[in-house]
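Trainee: Keeping the supplied structure of chain A fixed, place chain B upon it in accordance with the hints.
Chains as they are written, first to last, in the numbering used here: chain A, 1 to 394; chain B, 1001 to 1299.
If you are wondering where the hints come from, they were derived from the structure by calculation, not from laboratory data.
A couple of the hints might just be wrong.
Below are the BS3-like pairs computed for lysine-lysine, each with C-alpha atoms no more than 25 Å apart in a straight line [claimed, not checked]: (1) B/Lys1198 with B/Lys1295; (2) B/Lys1033 with A/Lys204; (3) A/Lys204 with B/Lys1295.
What follows is a set of in silico ranges between Cβ atoms, one per label pair, in the way DEER data are often shown [to be verified]: (4) B/Gly1087 with A/Thr389: 55 to 61 Å; (5) A/Thr207 with B/Asp1089: 19 to 25 Å; (6) B/Asp1038 with A/Gly47: 28 to 34 Å; (7) A/Ala242 with B/Gly1087: 26 to 32 Å; (8) A/Asp50 with B/Asn1117: 18 to 24 Å; (9) B/Gln1086 with A/Met218: 46 to 52 Å; (10) A/Arg158 with B/Ser1111: 38 to 44 Å; (11) B/Cys1294 with A/Asp188: 52 to 58 Å; (12) B/Asp1089 with A/Val213: 28 to 34 Å; (13) A/Ile229 with B/Cys1294: 57 to 63 Å; (14) B/Gln1275 with A/Thr207: 50 to 56 Å; (15) B/Glu1224 with A/Thr207: 49 to 55 Å; (16) A/Val176 with B/Val1050: 27 to 33 Å; (17) B/Thr1013 with A/Ile229: 32 to 38 Å.
Glycine included, C-beta positions come from ideal geometry on N, C-alpha and C.
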Amino acid sequence: MATKKVVTGNYAAAYGAMRARVKTVAAYPITPQTFIVEHLSEFINNGELDCAYMEVESEHSAMSACVSASATGVRTFTATSSQGLALMHEILPIASGLRLPVVMAVVNRAIAAPINIWVEHNDIMPERDSGWIQVFCDNNQEVHDMVLQAFRIAEDKRVALPMAVNLDAFILSHTVEPVELSDPEEADKFVPKYVPPSPILDPKAPTVVGPFVPPEYMMEVRWNLDNAIRQVPKVVDEVNSAFAKQFGRNHGGMIDPYMVDDAEVVLVTIGTASSTAHEVVDELRAVGKKVGLVKLRFWRPYPTEQMRKIAGRVKAVGVFDRAVSYGVAGPSFIELRNAAYGLNVPTMDFIGGLGGRDVSSVDVRFMYERLLEAAKTGKAKKEITWMGTRGVEQ
Amino acid sequence: MKLKEMPDEELFTRGHTACSGCGAATAVRNMMKILGPDTVVVSPACCLLVFGATYPLVAWKVPFHHVAFENTAVCAAGVSRGLRMQGNDHTLVLGIAGDGGTADIGIQSLSGCAERNEDMLYVMYDNEAYMNTGIQRSGSTPFGAWTTTTPVGKVRSGKQNFKKDMPQIMMAHNVPYVATASIGHIQDFINKFEKAKKMKGFRYIQMFTPCPTGWRHDTAKSMEMCKLAVDTGMWTLYECENGKVTINRKPKMTPVQEYLKLQGRFRHMTEADIQKLQEWVNAKWAADEKFAQCKSQAP
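Only chain A is shown next, with the shape it has when bound in the complex (with noise of 0.2 Å):
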């Protein structure tokens, strides 16, 4: 039987990628996602993982030495954040091209200048394009079993493809939930044997992992990426549903909608968020407010079908970013823009909680009612807000 015990985020990552039998990880300290590789190596000097722990000197490396393992046909594991993150991008789309199901947590933290530590999605929304697959979580649990459901998602077959599961930093990473820690006997049913989904480099079947590809080459291997990632919503679904019947936990597919399907406006959160946002959904339902809500757990890839859908049956939507893409708009907001094409409905883009800021219910409220003045009135008093900027009008 699984142990329920109070962890925090970090150690729900540790603890899930221990679950998973990972063979080898590779990584370098980095606040806040450090206790995520010092839990592994406790329970590798403990005896109770197996695995090869490279104490590697960048975080360049860690990515470097991640890729190579997996080349040989292991499971491999590491974890991240901020200017980490940020040195290993280089080899993120090589561990994509190259067709490796390395997982990763990324502990979200502002990236540097000013330097800071507190939770920003501004690290992992740059490696949009790296062809990693990525999810984010809201609660210490849904990291446990996200971490376990990325090996299943990332070595499939149909996908072999890298994955990142992200948390807040410390809203997640440092703060303590009770979570339903997986026991040896379900986490092996549920995350089998490892079989590798690419070539591998075997002596005895000697092959090349990372040829020099000239141009006669190049559009198929890149079309080849394209379509495997096109093809995560439906092994996310069979996943999720594989871990709900197993476990008894559903996180939801792509998205997880609450309250959505009469709702007049809907707002689209990423993270920690969520939860204060679902509050606010049902305190405004109390009062009458037709308020739904999407969290939107997969980034990339964009579940852009989904999300038009829902943009299409409503009078508003909006989008909570905690990151910016300077002189656009929020990443988030892009996408949502980007499906909700054509549709003539108000769209919304909030700002907020960067760097750390704090972001409450009543900043929550305050997106809604923005959200149901526009739905009123056909027209988005503003596209972009900042919430709680000095010196900045809301």
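Mentor: Structure of chain B alone, referenced to chain A:
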């Protein structure tokens, strides 16, 4: 193994697209005969990748792996750990990179792997510049040499700094084996690769591989270049086995001028600069000899 006992089987086969007279291609071909088929090769973006592993015409008969430029060592370590975790303790994992990929951009991951004593062989093929991108200066380029980023100009000509001493840096890591080799001294080359192959832990061999394209020398004279580099003292042939240092060949201390004059890259050098390089060679050899004496016994 004697030279005449080298196997006929080619693991790095003909048909690759290296320039004629390429020291690296010759070195790799011979090296693979010694290392054998139970080898996984990891290489960065460099000449070797392009002339040996361009899809679909691959010259390798062993698994070949490329990831990026600055991470050859740690990628080889990743391969090694992955194989060992699967119970494979026999396959030799070889990381092989040029001087830029090793001494400059790759030194961080190389140093980390050496410090952790990863079970692998790392080989630097030293052609003394970034040849794949078109002959740019590296930390391993010798003093005075023309490259496309140290051009011959009205104010300054050639590289202003001296060659980085990578073997010394690697020996300072106290790894099981560090050696320099040259394809111009093939029996010594065979001995060193055979020795390295049999050992465990981190092993490093730096091999001298002339590049006629970048050095501007006659393609038929690559071997002569190798011999002169050793004879002049520009390249010290030595090895450090578990802390014990052996000089494998004493230089004749032929004037460096004899080595320089065969190569277009040194053609512009002034008498004064040649003298400066000669003094550097003299000092380097004296230091290497003294170092070998101090370390002539295993610690």
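Trainee: All the hints need checking, so say for each whether the structure fits it.
Mentor: Hint-by-hint comparison with the structure:
1. B/Lys1198 with B/Lys1295: holds, 22 Å
2. B/Lys1033 with A/Lys204: Holds, at roughly 17 Å.
3. A/Lys204 with B/Lys1295: violated, 41 Å
4. B/Gly1087 with A/Thr389: 55 to 61 Å: This hint holds: roughly 57 Å between Cβ atoms.
5. A/Thr207 with B/Asp1089: 19 to 25 Å: About 22 Å separates the Cβ atoms of A/Thr207 and B/Asp1089, which means 19 to 25 Å holds.
6. B/Asp1038 with A/Gly47: 28 to 34 Å: Between B/Asp1038 and A/Gly47, where Cβ atoms are some 31 Å apart, the hint holds.
7. A/Ala242 with B/Gly1087: 26 to 32 Å: holds, 30 Å
8. A/Asp50 with B/Asn1117: 18 to 24 Å: holds, 21 Å
9. B/Gln1086 with A/Met218: 46 to 52 Å: violated, 32 Å
10. A/Arg158 with B/Ser1111: 38 to 44 Å: Once the Cβ atoms are compared, 40 Å apart, the range 38 to 44 Å for B/Ser1111 and A/Arg158 holds.
11. B/Cys1294 with A/Asp188: 52 to 58 Å: holds, 56 Å
12. B/Asp1089 with A/Val213: 28 to 34 Å: 33 Å Cβ-Cβ, so the 28 to 34 Å window holds.
13. A/Ile229 with B/Cys1294: 57 to 63 Å: Distance hint for A/Ile229, B/Cys1294 holds at roughly 58 Å.
14. B/Gln1275 with A/Thr207: 50 to 56 Å: With Cβ atoms ~53 Å apart, the hint holds.
15. B/Glu1224 with A/Thr207: 49 to 55 Å: Roughly 38 Å apart at Cβ, these two residues miss the hinted range, so it is violated.
16. A/Val176 with B/Val1050: 27 to 33 Å: About 53 Å separates the Cβ atoms of A/Val176 and B/Val1050, which means 27 to 33 Å is violated.
17. B/Thr1013 with A/Ile229: 32 to 38 Å: holds, 36 Å
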